[in-house]
Structure formats: C-alpha cells, structure tokens
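Chains as they are written, first to last, in the working numbering: chain A, 2 to 203; chain B, 1171 to 1294.
Hint data in this document are derived by calculation from the structure and do not stem from the laboratory. Just so we're clear, the structure is a prediction, and the values are computed from it rather than from any experiment. Glycine included, C-beta positions come from ideal geometry on N, C-alpha and C. Worth double-checking, as some hints may not be accurate.
Claimed, not checked - To list a few chain A residues with every Cβ distance to chain B over 12 Å, as calculated:
id	residue
1	W95
2	D113
3	F121
4	C140
5	F141
6	Y147
7	D157
What the hints assert, rightly or not - Per label pair, the in silico range of CB-to-CB distance:
id	chain 1	residue 1	chain 2	residue 2	range
8	A	D125	B	V1221	49 to 55 Å
9	B	V1273	A	I38	18 to 24 Å
10	A	P149	B	R1232	47 to 53 Å
Stated by the list, open to error - 30 Å max Cα-Cα, derived DSBU-like pairs, lysine-lysine:
id	chain 1	residue 1	chain 2	residue 2
11	B	K1202	A	K129
12	A	K150	A	K129
13	B	K1285	A	K129
14	A	K150	B	K1285
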Amino acid sequence: MAYAGSDRAGVPVTIKILVAGGFGVGKTTLVGSLTEIRPLRTEEPLTEPGTHVDVLDGVERKSTTTVALDFGRITIRDNLVIYLFGTPGQERFWFMWDELSRGALGAVVLADTRRLAGCFPSVDYFEKHNVPFVVAVNCFDGARRYEPKAVRSALDLESHVPVVLCDARQRASGRETLIALVEHALERMRRNAERPSRVPAP
Amino acid sequence: MSPPEDRWLDEDAGPVVRPYALIRGRTRPAGKSLDVIAMVITVRGAWPDPVDLEPEHYAVLRLCTLPTSVADLAADLDLPLGVVQILLSDLRERSLVTVHHPVPPARLPDPQILKEVVDGLRRL
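Let's have the full structure, built from the sequences with the hints guiding it.
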C-alpha cells in the first residue's frame, strides 16, 4: 500500500488537535460530542508551581492540585487517527500547553460571546507559537448571536484566521469546526511551501 | 481476591499515592518525555526480568502488543500521563518497547493525508 501509515509497519499516523478557550466555554462538551470513545479525563498532579506565568501564592507546596486533561479520539481509517485534547483552562497550566501544542496540527479556540475575554490568552498563545487555529463561537442558549465579523474585529484576528459559529453539543457542528481547522492548516502549509520560491531571500 | 471490607486502604488514602509509590517518587522520566500521541509497541519476544517490574509495567506491555498511544495508555490504565511517561522510560531502558514519534503535520510524507482527514470527517 502506498499511504504513509504503511511504511512504519502498520503504526497509525496520529494527528493532534487542541481544543482551547476560557473556563466553562464548552471544551469538554466539544471533545465529548466528537470522540468515538468515552470522553476521557486524566488528572495530572500539578507538581511544579506553574512556571513563569503565574504565582501560586500559598499553594506552592500543595502537590495534590490536579489539572484535568480531556481527551478524545476519531479514527479516520485504519492507521489514521485524530486525537483531541482539551487544554486546561487556566493560564497557570501553560507548561502543559507547550508540550501539548508541540507538533499539533492546530487548535480550535472556543469563544463565548458573553465572556469573549476568556479566549484572549488562547488566541495570544497560538499566534505567538505559530499554531494554526480557528475561533469557534459556541452558540450558547440565550446568548446574543453575534456575526463572525464582529467577533473577528473584537478579537483583532488576522484576516486569514477563520471564525465559525458552532454548537459544541452537536456532533455535526463540531465536525464542521474541525473541517474548517484542517482546511485552514492545509492552506497555511500550502502557502508556506510556496513562499520560498516566490519571495527570494533578501 | 479479598472481599472489599478486608482492604486496609480506603478511598481517603487518595488516588495519587499508589501511582507515585509505583514510580518511586520520580516525577520526570529518564530522557525526553514522549509526545502524548507517540505510539508505543511492545517488542515481540522480549523477556522482562520479573524482579524489577511492577504490575503496571506488565499492563503496559500487554496493552502495547498493538500500537497504542501514550494518551490511550494513561486513559486505559487510569494513571496520570506523568506516571505513564515514567513507566515507559523504564520499559525503553530495558528495550521492552519501541516508540514511534508522531510526524509533525508539516513534514507528513504525503499532504494527501490531510485531505483524507477532511474527507473522513465529512463522512462522520
């Protein structure tokens, strides 16, 4: 067979996609509605005070603090599997983000228009680390609907970053969000591959 | 198996004690930690020395007779990722498992794979 999975003796090609966003924005729900296995949470003991980004006043010695990591799986075909990871919401867990985002295909940043600021840190993080991402506005019941355009300008996103509306509870909607992300990542790769030939080095 | 009332350990002992006793208090694996989506495979025909391995090491070896990701191992064994990383470093030191690191998306040998992902998602 000719596909890439086969040259590694039947070892699946694995693709990592992150689901990020503020606390309570629906990350666990989105992972849960897409995964083919029961959504899993592993509790990670927080053994280091959250590195540079936060001061854990008064809890420095509290080694039992745990951070939950949601995780789901989608098998595309034999030997091609997507893994979804819901990133821990609080910024003090960013040391875990570094590990998770390494080699990731991209990220879905969930946004709640009632608390849009909740997704600022995720947007900043992925911009800074050059991880392709889409912003998915989770349409909560009762939340006022905003046009993607308004969200884009409120978040000051670069024009190429897709903004989509989604309902994290609906599998079909979550699926569309992932498709938007993978297409965006593909497009970026294509652009990056073209760039050297078009723009000669100065 | 002893009946549950005979167990001297109760829920209050906390869930974290056992895993960290198992890895003897270590918090970092020897060598590089593995990506959560790295695939682990048990080396066929390898004979572990039963003296220096814990039941959890054997559980990993059993699960990884088929290629299994680090994240799946943590979930299946109900252990924190950090603990699984250390169990895996023990097994790698003893050449009982091999690890396939994930290929970064930009270096996938065939960009067609991502198109397949899109098509596969559409079929879900």
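Cross-check of the supplied hints:
1. W95: holds, 16 Å
2. D113: holds, 24 Å
3. F121: holds, 25 Å
4. C140: Given a closest Cβ separation of 20 Å, the condition holds.
5. F141: Given a closest Cβ separation of 23 Å, the condition holds.
6. Y147: holds, 26 Å
7. D157: holds, 26 Å
8. A:D125 with B:V1221: 49 to 55 Å: holds, 51 Å
9. B:V1273 with A:I38: 18 to 24 Å: Given a distance of about 23 Å, which is inside 18 to 24 Å, the answer is holds.
10. A:P149 with B:R1232: 47 to 53 Å: Check passed, 48 Å falls within 47 to 53 Å.
11. B:K1202 with A:K129: Distance of about 24 Å is within 30 Å: holds.
12. A:K150 with A:K129: holds, 22 Å
13. B:K1285 with A:K129: holds, 26 Å
14. A:K150 with B:K1285: holds, 27 Å
In summary, this structure violates none of the numbered hints.
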